[in-house]
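Enquirer: Sequence:
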Amino acid sequence: MNNKEDNRDLYRHTAMIATYANNLAMDGNYLDAINLYTEAIGLIPDQWFGLYLNRALCFLKLDLFHLALLDSSEAIKLSNQSNSKCYFIRMKPSNLPTNIWNYKGVRIENIQPDISIRIVQEYFSLFGSIKTIQRLYSRNQDDPNVLIYFFNPVTPMFTIAYFQNKIIEQICSKNPNEMIDTYRPLVLYFTATDDQNELKFSRPKYPNQNNQECYYWRTTSCRRGQQCPRLHLEANKNIDKQIWMQEVSVEKTKLGQLC
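The numbering of the sequence shown is full-length UniProt numbering, which starts it at 1 and goes up by one.
Wrong hints could be hidden among the right ones.
FRET-style restraints, in silico, Cβ to Cβ [stated by the list, open to error]:
(1) Ile167 - Arg8: 45 to 55 Å
(2) Met245 - Glu178: 27 to 37 Å
(3) Ile180 - Asn238: 26 to 36 Å
(4) Ile168 - Ile44: 18 to 28 Å
(5) Arg223 - Tyr11: 55 to 65 Å
Simulated pairs of lysine to aspartate or glutamate, EDC-like, Cα-Cα distance not exceeding 20 Å [stated by the list, open to error]:
(6) Lys241 - Asp194
(7) Lys131 - Asp27
(8) Lys166 - Glu109
(9) Lys241 - Glu109
(10) Lys166 - Asp181
(11) Lys241 - Asp195
(12) Lys200 - Glu109
(13) Lys166 - Glu122
(14) Lys131 - Asp194
(15) Lys241 - Glu213
(16) Lys166 - Glu234
(17) Lys241 - Glu198
(18) Lys237 - Glu122
(19) Lys174 - Glu109
(20) Lys131 - Asp195
(21) Lys174 - Asp143
(22) Lys131 - Glu169
(23) Lys166 - Glu198
(24) Lys166 - Asp143
(25) Lys174 - Glu213
(26) Lys200 - Asp27
(27) Lys241 - Asp181
(28) Lys77 - Glu109
Bear in mind the hints are in silico, worked out from the structure with no lab data behind them.
C-beta: ideal position from N, C-alpha, C; glycine also.
Build out the structure end to end from the sequences listed, making use of the hints.
Expert: And the structure:
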């Protein structure tokens with residue numbers, strides 16, 4: 001067997017390991033995923049920046065920020081082009097929300113009512129593949145919510161941090177009754193996917209590993225203010241506000257299934 005065939009087999013084996021690692025990460029088994037990413041990186045350490053990037057995401061989910069910084073920096077060096085995802089992860093932004101219930105979807109307000117699937121996919125797949133896109137109409141038919149379901153709970157964290165309060169004319173809805181066109185900033189929330197029924201329509205239980213944050217601060221509002229004994233993190237204000245916590249009709253229209 002010549003070197004070319006050897007390299008081809010090595011890449012196939014590495015890709016198989018990476019696939020197993022991706023599946024573990026999507027199931028929340030971050031430590032096991034890290035071990036497999038490390039094994040794959042050992043096989044081709046200087047040729048696949050995505051391995052470092054995915055391992056960095058797992059490190060971030062475990063709050064191992066210094067290790068995520070090292071991996072994202074290595075991913076930047078290996079990437080042939082300026083990769084915004086690598087730079088954003090390396091920043092470890094202060095506005096990165098915690099996802100204590102592991103929601104795998106985001107709900108977006110102030111998005112154009114007639115926005116196409118293609119544009120939604122182009123913008124919001126920056127940090128991970130999209131599983132499903134849905135449009136959910138409120139009583140104001142000119143202001144639908146868009147629901148985007150991902151395959152894991154990490155992608156929504158970076159999607160929210162990156163797009164929260166941004167004004168992008170191609171996707172943002174316009175302010176009504178304005179003489180000059182102005183646009184409303186995007187507002188994003190965590191939301192449950194179709195396979196997270198236990199999170200969809202009732203208050204979730206606090207996970208054992210995180211009982212310090214205020215549920216009401218993360219959802220609608222906390223009336224106790226500074227007297228509240230639990231944490232009020234600015235990046236998490238209203239971040240878990242679910243659609244059933246406000247008046248919305250049940251009608252929804254699927255935009256499509258995305259691979």
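Enquirer: Hint by hint, say whether it matches the structure.
Expert: The hints, checked one at a time:
no.	hint	verdict
1	Ile167 - Arg8: 45 to 55 Å	holds, 47 Å
2	Met245 - Glu178: 27 to 37 Å	holds, 29 Å
3	Ile180 - Asn238: 26 to 36 Å	holds, 29 Å
4	Ile168 - Ile44: 18 to 28 Å	violated, 36 Å
5	Arg223 - Tyr11: 55 to 65 Å	holds, 57 Å
6	Lys241 - Asp194	holds, 17 Å
7	Lys131 - Asp27	holds, 15 Å
8	Lys166 - Glu109	holds, 11 Å
9	Lys241 - Glu109	holds, 12 Å
10	Lys166 - Asp181	holds, 16 Å
11	Lys241 - Asp195	holds, 18 Å
12	Lys200 - Glu109	holds, 18 Å
13	Lys166 - Glu122	holds, 16 Å
14	Lys131 - Asp194	holds, 11 Å
15	Lys241 - Glu213	holds, 14 Å
16	Lys166 - Glu234	holds, 16 Å
17	Lys241 - Glu198	holds, 15 Å
18	Lys237 - Glu122	violated, 27 Å
19	Lys174 - Glu109	holds, 12 Å
20	Lys131 - Asp195	holds, 12 Å
21	Lys174 - Asp143	holds, 10 Å
22	Lys131 - Glu169	violated, 25 Å
23	Lys166 - Glu198	violated, 31 Å
24	Lys166 - Asp143	holds, 17 Å
25	Lys174 - Glu213	violated, 34 Å
26	Lys200 - Asp27	holds, 19 Å
27	Lys241 - Asp181	violated, 29 Å
28	Lys77 - Glu109	violated, 36 Å
In summary, the structure is inconsistent with hints 4, 18, 22, 23, 25, 27 and 28 from the numbered list given earlier, while agreeing with the others.
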